[in-house]
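Colleague: The lines below spell out each chain.
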Amino acid sequence: MKARKRLIAIALIGLFFSVSLRTAFAQAQVNDKQHGTVIGNAIMYVSPDLNSAKVARPSRGRDTWLMGQSNIDGKEWAHIMVTMSQNNFSAPRTVTGWTDARLVITSATPNGDQIIFGEALQAQRDADNGIKDADQEAMRLFYRVFEYFPDSPLAPESLWHAADYQWQLEKSGVFARPSAREMSPDARQEIDEETMHQVMKKFPRTKWADLAAYDLLDNKICGAWKGETKCPEKESDLYEHYAHEHPQSPKAAEALYKAAWRQAALVDMYKGKERDKGEKAKRRAMELAQEISTKYPEGDWKPRAAQLVFALQQGLDVTTESERQSGKQN
Amino acid sequence: MKGFLLAAIVTLFALIGSASAAERATIVRSSGLFASPAQSAEKVMTIDRGTGLTVEDKRDAGNEPWVKVSISVPGSTQNEPAREATGWLPAQPVVGVSTQNGDQIVYGEAVDSERQAEQRGGRKGAADDAMRLYYEVGQLFPNSPLAAESLWRSADIRWQLAKSSHKPLEEQYLKEVISKFPNTKWADQAAFDLIDSQLCGDWNGLPDCPTKEAEAYERYARQHPQSPKFGEAIFDAASRLGTVADMYRMSDQKEKAAAAHNHAMTLAKEVAGNAAMGDWSYRATTLLYKLQQNIPLYGVPDEGP
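If you're matching them up, the sequences are chains A and B in order.
Quick note: the first sequence uses the working numbering, first residue 458, plus one each step.
Quick note: the second sequence uses the working numbering, first residue 8, plus one each step.
Here chain A is said to cover these stretches of chain B; the calculated rule only asks that three of the stretch's residues, wherever they fall, bring their Cβ under 8 Å from a Cβ of chain A:
1) 96-103
2) 289-302
In silico DSS-like pairs for lysine-lysine, Cα to Cα no more than 30 Å straight-line:
3) 664/A x 236/B
4) 708/A x 236/B
5) 192/B x 664/A
6) 708/A x 192/B
7) 532/A x 276/B
8) 589/A x 131/B
9) 174/B x 187/B
10) 192/B x 752/A
11) 728/A x 50/B
12) 532/A x 263/B
13) 170/B x 589/A
14) 728/A x 65/B
15) 677/A x 131/B
16) 739/A x 65/B
17) 628/A x 664/A
18) 131/B x 75/B
19) 628/A x 131/B
20) 683/A x 131/B
21) 131/B x 739/A
22) 728/A x 131/B
23) 261/B x 532/A
24) 75/B x 728/A
25) 589/A x 174/B
If you want the ones that stay clear, here's a sample from chain A, every Cβ over 12 Å from chain B, calculated:
26) 520
27) 548
28) 631
29) 634
30) 646
31) 652
32) 657
33) 659
34) 685
35) 691
36) 707
37) 741
38) 748
Rather than coming from a laboratory, the hints here were simulated on the basis of the structure.
Yeah, the Cβ is synthetic: ideal placement off N, Cα and C, and Gly gets one too.
With the rest of the complex left out, here is chain A:
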């Protein structure tokens, strides 16, 4: 009798855990399926009726929670909650309302990752064509692909794109301030590295991690050289180190070129002052240019290295520092 009671107890406990786990798992799956974003000119209404009051116009890529769906007169409406921010100064707020269900893409949508990724590319093109806030939309859309489709083959690239958008937006602000004209990188505000580190941590040894590591160098370069040789020397080392640490990176050849270019700039800076150091910098620039030519014969960097060698051999000035400053390109 006791044994029977124990068996029943065990069975009940087992059933309880089984049901609980299934419910929890089902809940998790449902939760996962409910999250997504909007991909078009969505308008949110108080109720599923075009004549009802408008609540908000969530832009593409906004974090969206699908709470329910309703078919009214053959048309699909989605009841959504969207996290929105009015501007940079106010905290994000959540808004609920009804919108066109066709514009809501969740992790349950077939090919949802590709659809959001494609919309992000469209937003990217819109941004290139000068459409306001399209860059922010592209950034959010890319992030949603990573967030809601973590197993998608597009997830690493998407997270990288989102991180790079965030980086470039912040960088343009940081480098526009007077503090960016100071020599030390410590004089200016650091660009937030968190998302870049996330790319490197989540997707190590990928080209996206390599690209993230390359962006991070921006926080280490001097604002202005102010005629001091220590800046180009340090930066040359930084870029060379990167190229050797990430030889498979799409940015490896560019990093080597930047290292070589800085050595070439040092030749100009040492001209008429310290001949030995100038000669040493020239030799190093030539060696780095040769390394580009040998290791990366495809693409534009080999000819650019050849052009740099020619400039050194002929004693031509390399691009001036003011040109570097204006474009932050070398």
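Given the coordinates of chain A, work out where chain B should sit on it, guided by the hints.
Modeller: Relative to the frame of chain A, chain B by itself:
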């Protein structure tokens, strides 16, 4: 008589000698053109990067190598004929057909100038420099592996500059790429650029223009199936047909709307999910989704389902 003959032979050899010394070249830094080989001499004009030169003489003056060059200076108006200018340049930035790695040096300088042009606050006139430098790679080094790409890049920069400044589009440079390097990806890209001249400025809300443009893009794709622009052309055709479908739908021409819609779907399916098409595959997937869901591509933002 004998003396005259000897003088004539000497003159002839001298002429042959000077003719063989003449070398086609260009310059990778802008420089003054001087009346004589000295920085203090009268400056005739400034020579920009990528200007085509003929080197006529070489001389060392003041411990510096100099070259005597002639250049063709275009007229200031279309009707004014080009004139020839001659003068002396410092030799260091001059790259000639005999310069070792000359093709790579000029090409590298062109890439550098192109990058400058793309940067905010980059060097003034850098896009023109890049256009000229790329062109000179093709002219000076026609057998270089970089020649075809250079000619294409030069023609493309010229085309994009004309487009952005609303100047007349001159097709001759793109056509030169196609005729000199047929059946290459550079010729394919030149042909893609040429579609621009078939595009309407404004659709005026009517389906005629986008229909015509969609035909041009699809025709291009069929004629250039190996082109790097294939996916883009099909996408451009599909998105225009999707727009045409919306225009017909708005004017209540249901059959025409359905035909355009179906054609757009067929084209979008051709690229969607095809990894070889790169990003166009994903953009086509998004377009296909919008077409399948009847999400409008044209007109006022749809207010609801």
